[in-house]
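Using the hints provided, position chain B relative to the given structure of chain A.
Heads up: the protein sequence lines correspond to chains A and B, in order.
Read in order, the letters of the first sequence are residues 1 to 165 in this note's numbering.
Read in order, the letters of the second sequence are residues 1 to 393 in this note's numbering.
Zero decoy hints are in this set.
List of simulated lysine to aspartate or glutamate pairs, EDC-like, C-alpha gap at most 20 Å:
{"no.": "1", "chain 1": "A", "residue 1": "Lys72", "chain 2": "A", "residue 2": "Asp130"}
{"no.": "2", "chain 1": "B", "residue 1": "Lys300", "chain 2": "A", "residue 2": "Glu14"}
{"no.": "3", "chain 1": "B", "residue 1": "Lys300", "chain 2": "A", "residue 2": "Asp19"}
{"no.": "4", "chain 1": "B", "residue 1": "Lys300", "chain 2": "A", "residue 2": "Asp28"}
{"no.": "5", "chain 1": "B", "residue 1": "Lys300", "chain 2": "A", "residue 2": "Glu7"}
{"no.": "6", "chain 1": "B", "residue 1": "Lys300", "chain 2": "B", "residue 2": "Glu153"}
Output of the computed footprint for chain B on chain A, the stretches with three or more beta carbons under 8 Å from beta carbons of chain B:
{"no.": "7", "stretch": "11 to 20"}
{"no.": "8", "stretch": "24 to 32"}
{"no.": "9", "stretch": "155 to 164"}
If you are wondering where the hints come from, they were derived from the structure by calculation, not from laboratory data.
Every value quoted in this text rests on a predicted model; they were computed, and no experiment measured them.
Glycine residues also receive a C-beta, built at the ideal position from the N, C-alpha and C atoms.
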Amino acid sequence: MEEHELEILRLVEENGRLDIATIAKMVDRTEEEVQTVLNKLEKENIILSYAAVVDWSKVNEREGVTAMIDVKVTPQRGVGFDEVAERIYRFPEVEALYLVSGAYDLLVVIDGDTMSEIARFVSEKLSALDSVISTTTHFRLKTYKHDGIMFGDGEDDDKRIVVSP
Amino acid sequence: MTTPVRKKGRLSEAVQNIQPSGIRRFFDMASTMDNVISLGVGEPDFVTPWKVREASIDSMERGYTAYTANPGIIELREEISSYLSRQFSTPYDPENEIIVTVGASEAIDIAIRSTVNPGEEVVIIEPGFVSYAPIVSLAGGKPVSIGTKKENEFKVTKEELEAAITSNTKAIMLCFPNNPTGAVMTKEDLDPLVEIIEKNDLLVLSDEIYAELSYDQKHYSFARLPGMKERTILISGFSKAFAMTGWRLGFVCAPADITAAMLKIHQYAMMCASTPAQYGALEALRSGQDDVERMVTSYKQRRNYMVKSFAEIGLSCHVPGGAFYAFPSIEETGMDSNAFAEGLLHEERVAVVPGNVFGEGGEGHIRCSYATSMESLETAIERIGRFIKKHSS
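Isolated chain B (complex conformation):
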């Protein structure tokens, strides 16, 4: 006879204390329905450029199927280094300041785990990507959120940052261009934060995965600000810019001591990122910039279309300067974001993500990804317009 499995207490308290993502619930609902137009997808609608796929296939044919060095193949780190210098004027040393990771998601994880001690606070900008706060909690840290405001175009202000800081604050997590708001922060917007960051000796974890998808001016990396590179962990990757989400390939750049610390976690938890993916990424950086520009032009056109169409159907929406999300306010309908998103899905078969799942400041908004065909966007706008009309009398 076998001993019965003891279920009580077999899960860690840390994992029990975090909630599954609110996005999951909408996925479950939407995926059982037919004829749904989805504005809920957080990834490009382009397939990875063929030259990148071809390079990866070729690497496998030539037998590059073994582990690579822990931080990634050196050729790729060198390309990342010159890419960052070229595009964003943020040079990093390929030998000891860059790690190729399993998506930007792993980069977020190892950046937090290698810097945050139990009890230390990390300031998180919300609405924001759903994984920051849970990862901070899993590391034993305490996420402290700042809810950005529509009237500030969802940028974080000096005053908001100052108010969130305590003697326990270790780091601030920035994420611009932002998922879900599409907000960007220019050099002029970032400048005032520097004083507070220096005064409180904070680290900055800057998730710049959407950097290439900036439509009105070139992205300004936080690490480029004078004196900030030394206290910044720059997180980025290939998913959004090169339409490579499923490849799970990102990178993290930081001062050598932090990179060495992150590399310890990475080598034990991951060993290295997927080898064929790394060879694909190499090609992406060597010859994919034209593809990036082609995709960015297309996103920008769709961004323009969405913002103007929302205005026409009576939804107020700030102009998102980056990423591929519009984040219109639905407050005038009197519904909360959950009710709106659920109603819209059931009555009009349009999937959007309620703003409240992205944390403080997200309520009253919905995230609409415009990384989908113009045809679908046109139909979605028509359906959302009908839904609003029906519920606004």
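Chain A extracted, bound-state conformation:
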């Protein structure tokens, strides 16, 4: 990838709301060039989505429940873990799914409204899959940092004096 494409990618990764005109000025390219780069990155599925990082704990009655589930599975001949992974990640409740090294094979992140909803998903959907051998569920208690963003008040407020030499 070319240097200016990387630069644009990093800019939108950090702030998906930057408009094309601003990005163009920042990277010293024309708006058309920036648009072309973004189109290409989107088409190649390098940029998958422009999403906000939300602290749902601050939204009344919308906090929800998140669980991280360690899953041990039997790999299938020929397709390894991919087939069982696909059967799992197609559930819309699944927020993230990773194949991991170590004591477990898959790490599933589930978002739900209540703990019982998640419990139901684990017992009725996840454990019911033939190749799933065992599951260990960890409920999230608090988010300190997500996607590189510090939750809570962080260090956002400017502590500098307004005019200095």
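Using the frame of chain A, we list chain B on its own:
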């Protein structure tokens, strides 16, 4: 009964003869107002990288709270030495050519005080940082300014330097990348000055605090020019490159005889720089270069944004090659820099610093620091654009 305090004559003439910085007045004005977007801040908008803060905290937990050696802990001087070699090809001996100072500000002070005799002249490049001339005056020297020009991209030329020199000239104070103009001087720009400096046997005090913040080519240190290290005092520090302004930590490098002289002032006036700050700086040099590069990329993007946006709203602005200031001309508005900055603050709540506070050649310009969030810059540009429109009919 106590004797009444005699107020007349209790202040030194030297201090009475220097003026408080013109920046102060804008600080006073801006700090009483709400909803101000400030482009007046002369420091990074980043917080010091966490690894540096963590290292400093750790040093305090382990009890490193005593004085250090006068010139600073030897490990830090060694790191400064290898950092300068690595980044700028200017090697200095950690044992007797480097002093860790309380900010580059102290370095400026001790460099001037240890070299300038009463009556001797120091050539100062203006627009420039506000403390050079007052420090020269306090040392009994005479500041002689060169006002650089926009058409020369605020670089100093051989002819300008030659014209400023008299038989009393002792030194020239260089400051590139420059605060407030953002001007840089490349090797090709510096080369022609060498002849004049050698001919007049001058010392060079080179304040390179913004060296890392060079956007279009790597910074070329004056001390790197052939034969110049022997007559150069190199001043730098951690404030700008590592976002450590509040730590007050800088360093000064010079030939051993000058270093020994500066160390005398430093040991009597300061004893040593803050110990926890020195341990933080050690970590900054050992593992902070990635952070520097991340911040430099971000400044460069904002520099580009500002220069292009100024052009769009009708302010002519040379492309600043370094530091984090844009220095657009406001002459076309017909206002002087003070009136412009004051009007902009009161009518649009944008704080900038009028160019005239930075000395000769600064009038007709405003200093806009772009070390602030993109969001603030966008709003500031919108407000400045509206202000210009309103006053240009």
